[in-house]
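Protein chains: 2
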Amino acid sequence: MRHPVLRLSDQALRSADQAIGFLMQQAVENADCISLAAGLVDEQTLPVDLVRETVGKVLAESGSGSRLLQYGTTQGPEPLRRVFREYLAELEQRTDRLSDLPLSQLFLTTGSQQLLALLAQALFNPGDICLVAAPTYFVFLGVLQAVGADIVPVTADGFGMCPAALRETLSRLEQEGRLSRVRLVYVVSDFENPSGVSVSAERRPQLLSLAREFSRESRIFLLEDAAYRELRYDGVSPASIWSFDRDRETVILAQTFSKSFSPGIRVGLGVVPQSLVKPLSDLKGNEDFESAHLNQHVVARALKDRTYHQHVQRVRDNYRIKRDAMLEAADREFGGLPGVSWYRPEGGMYVWMRLPDSVPTGFQSAMFRRATQVDKVMYVPGELCYPQDWPARPRSEMRLSFGVQSPDGIREGMRRLASSVRWALETGG
Amino acid sequence: MRHPVLRLSDQALRSADQAIGFLMQQAVENADCISLAAGLVDEQTLPVDLVRETVGKVLAESGSGSRLLQYGTTQGPEPLRRVFREYLAELEQRTDRLSDLPLSQLFLTTGSQQLLALLAQALFNPGDICLVAAPTYFVFLGVLQAVGADIVPVTADGFGMCPAALRETLSRLEQEGRLSRVRLVYVVSDFENPSGVSVSAERRPQLLSLAREFSRESRIFLLEDAAYRELRYDGVSPASIWSFDRDRETVILAQTFSKSFSPGIRVGLGVVPQSLVKPLSDLKGNEDFESAHLNQHVVARALKDRTYHQHVQRVRDNYRIKRDAMLEAADREFGGLPGVSWYRPEGGMYVWMRLPDSVPTGFQSAMFRRATQVDKVMYVPGELCYPQDWPARPRSEMRLSFGVQSPDGIREGMRRLASSVRWALETGG
Numbered sequence: 004m005r006h007p008v009l010r011l012s013d014q015a016l017r018s019a020d021q022a023i024g025f026l027m028q029q030a031v032e033n034a035d036c037i038s039l040a041a042g043l044v045d046e047q048t049l050p051v052d053l054v055r056e057t058v059g060k061v062l063a064e065s066g067s068g069s070r071l072l073q074y075g076t077t078q079g080p081e082p083l084r085r086v087f088r089e090y091l092a093e094l095e096q097r098t099d100r101l102s103d104l105p106l107s108q109l110f111l112t113t114g115s116q117q118l119l120a121l122l123a124q125a126l127f128n129p130g131d132i133c134l135v136a137a138p139t140y141f142v143f144l145g146v147l148q149a150v151g152a153d154i155v156p157v158t159a160d161g162f163g164m165c166p167a168a169l170r171e172t173l174s175r176l177e178q179e180g181r182l183s184r185v186r187l188v189y190v191v192s193d194f195e196n197p198s199g200v201s202v203s204a205e206r207r208p209q210l211l212s213l214a215r216e217f218s219r220e221s222r223i224f225l226l227e228d229a230a231y232r233e234l235r236y237d238g239v240s241p242a243s244i245w246s247f248d249r250d251r252e253t254v255i256l257a258q259t260f261s262k263s264f265s266p267g268i269r270v271g272l273g274v275v276p277q278s279l280v281k282p283l284s285d286l287k288g289n290e291d292f293e294s295a296h297l298n299q300h301v302v303a304r305a306l307k308d309r310t311y312h313q314h315v316q317r318v319r320d321n322y323r324i325k326r327d328a329m330l331e332a333a334d335r336e337f338g339g340l341p342g343v344s345w346y347r348p349e350g351g352m353y354v355w356m357r358l359p360d361s362v363p364t365g366f367q368s369a370m371f372r373r374a375t376q377v378d379k380v381m382y383v384p385g386e387l388c389y390p391q392d393w394p395a396r397p398r399s400e401m402r403l404s405f406g407v408q409s410p411d412g413i414r415e416g417m418r419r420l421a422s423s424v425r426w427a428l429e430t431g432g
Numbered sequence: 004m005r006h007p008v009l010r011l012s013d014q015a016l017r018s019a020d021q022a023i024g025f026l027m028q029q030a031v032e033n034a035d036c037i038s039l040a041a042g043l044v045d046e047q048t049l050p051v052d053l054v055r056e057t058v059g060k061v062l063a064e065s066g067s068g069s070r071l072l073q074y075g076t077t078q079g080p081e082p083l084r085r086v087f088r089e090y091l092a093e094l095e096q097r098t099d100r101l102s103d104l105p106l107s108q109l110f111l112t113t114g115s116q117q118l119l120a121l122l123a124q125a126l127f128n129p130g131d132i133c134l135v136a137a138p139t140y141f142v143f144l145g146v147l148q149a150v151g152a153d154i155v156p157v158t159a160d161g162f163g164m165c166p167a168a169l170r171e172t173l174s175r176l177e178q179e180g181r182l183s184r185v186r187l188v189y190v191v192s193d194f195e196n197p198s199g200v201s202v203s204a205e206r207r208p209q210l211l212s213l214a215r216e217f218s219r220e221s222r223i224f225l226l227e228d229a230a231y232r233e234l235r236y237d238g239v240s241p242a243s244i245w246s247f248d249r250d251r252e253t254v255i256l257a258q259t260f261s262k263s264f265s266p267g268i269r270v271g272l273g274v275v276p277q278s279l280v281k282p283l284s285d286l287k288g289n290e291d292f293e294s295a296h297l298n299q300h301v302v303a304r305a306l307k308d309r310t311y312h313q314h315v316q317r318v319r320d321n322y323r324i325k326r327d328a329m330l331e332a333a334d335r336e337f338g339g340l341p342g343v344s345w346y347r348p349e350g351g352m353y354v355w356m357r358l359p360d361s362v363p364t365g366f367q368s369a370m371f372r373r374a375t376q377v378d379k380v381m382y383v384p385g386e387l388c389y390p391q392d393w394p395a396r397p398r399s400e401m402r403l404s405f406g407v408q409s410p411d412g413i414r415e416g417m418r419r420l421a422s423s424v425r426w427a428l429e430t431g432g
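Chains as they are written, first to last, in the numbering used here: chain A, 4 to 432; chain B, 4 to 432.
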């Protein structure tokens, strides 16, 4: 039968054609390639035995087993939030166990992605402004696009988002009469996906101060996405941006157990300003009542038993070897190539590589076709990591992941990729 | 420090002050009452041992354990969707295993609530219209309110939403020039929360036909919420409304394992028209990438092993006893009271009771205060189950749940409630 016109909401229309969709499609079409594109975690690191044992434990505990399978609460059961607060206190090196942080400000979500999405829903009407580092996490760009946000890029370098650029951007928006539309500054503080860069210790309080200083016409929040926080392979962790937020009314801290433990278990941890607790809880209640709290119990129990901590140490040891393999291969394969450069990340899962401007890397580029069709290697085109409607966005970068491949796979992938890059440099892209 | 004005999105503002929030608040404030209000499931029925054993099985299977903890896919892993399709085929009594239903049309969600919320996000701009039975599931009213939908009630009786009333309402909207704004008809087909009523076999195809007939200016979908479908204690299940939708382009079927298995495990199953697959998948991808698929594996494995089927039989046997206890107590305690009537549900978890119009039952009513303060029993005021802005909504009804209390608790609760009702009838409310 013939059906009349399908009318979708504005939000649904804006949710179509997102970078992640194109990327997934390319991954399917190029399944024969060595993927340096996939943002998955290494399956070898996944805590199969630990999860099995821990599920057994939490379900066996007398009196609590059936509670775990009952409805819980929208933000996650309070006793669990207490455990997660202690874990956060450890990360923050707070000897007071963060006992002054009300449990009401903690949210357990379906990965940190859900908190990012809820926050976007809570803050943005179409045309409201979000400032993001350039480049930044492209999935959040899709979330912002879906709510109709106006995404404004802020220059970032090897030390993260530049405070001077943030000030300049906010001042410009103020001159344009648009400051009242700014809702959020989005910062991936540690080993950013895609750049691998962490915001330096010096810049952290500066970014926070700027969000506050420009909160003149309306409140500007700062979303600190610390998804990769625990995946540090060298050096010392700087204090979180959140730790500088004394009255805890500016920074939303988003963390996840997807990278350090398991993505499939879908447990994220957020800390939000008191003023956002009810709006976010109302939205989350509508969305799913609550996330799977059996899973939250499993992570909480692993935290309490400190089996989690042992596990994360193994995860770090595994990724460190792979990060080193990628950087060594980069030196070896790309070291002599003119105009090719990359960051040396201290953690996370990504190496960000710049090619000369004459070599575009997008899905439609000769370079991408050469890599996927001839050399059989796939990467994430860097241009996905900038606002789609930003004409000045760089188009000659690549996000390279060392998450999924073995060290040998990484070396072979990098060898193949260098072959494509050499070809592109010789043919002029 | 002083913070400037907090600006929230329209959606966040509309998400505040919802019925479920008020109800939870009352539940907390009246924790000393026997609750005939809570919509939780009976903890005695929760499959603690089964879940523990099944998690052990799925994580032990060689090669698959780590896959379960990795990222999956937005709609749930395809092999699992195949298992869920076979389960649906059983419910639908289809001997062909529904093999003509593309797996792409199946969604595994965080409870059915997430599908309801995603669908509302996908279809409604502010001012678009949803038709609902009066009364209906109040949580979905909140979801509709959050997206700014215009909620139009349609008369329902002991056989569900009245097709004549649906036709009349759609015709009226057409005369008013508003037919093009109608997006959805929402129908809880089995043992509706709150009324306990099922849509009769005769009416099912009629409601579907009307949605199609009036899809003149734009497509009108029908959301069949079958959350309680498997909790039938007497009689025979009629075919789903979805089963009459030959080209599967009108009905969205929403089911859940929250009632039959475990709410905490958060697994819902949806079947959606092909035209909605991509919009819903885009929205869900933004929202959480995917629901916890370890949990989906557990339910799928219990389905394959048929341990699920044994479990549901035990759940039904347990609730049947409690349903009977509530109906017997209703007969005994309320049988002689003038103007008091109730439905006799064949399944689900609720008995819907009407008092004379002279006895309002809302949170602010004398009856509610009497019940919670003096007789120490709590119910859900019926007025929550109608659109908040509908002036003509009935105000003298109650939703009584037999889900949580033991049979003795139900009898005592009903005795107490009858005492309040008698008081209200004598004092004139």
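Don't read these hints as lab results, they were simulated from the structure.
These figures come from a predicted structure and were not determined experimentally.
Do not rely on the hints blindly, as some may be mistaken.
As the list claims (entries may be wrong) - Partial chain B-side listing against chain A, Cβ under 7 Å, derived:
no., residue
1, 51
2, 62
3, 126
4, 129
5, 269
6, 278
7, 286
Cβ atoms here follow ideal geometry from the backbone N, Cα and C, with glycine treated the same way.
Structure-based check of all given hints:
no., hint, verdict
1, 51, "holds, 4 Å"
2, 62, "holds, 4 Å"
3, 126, "holds, 6 Å"
4, 129, "violated, 9 Å"
5, 269, "holds, 4 Å"
6, 278, "holds, 5 Å"
7, 286, "holds, 5 Å"
Checked against the numbered hints listed earlier, the structure breaks hint 4 alone; every other hint is satisfied.
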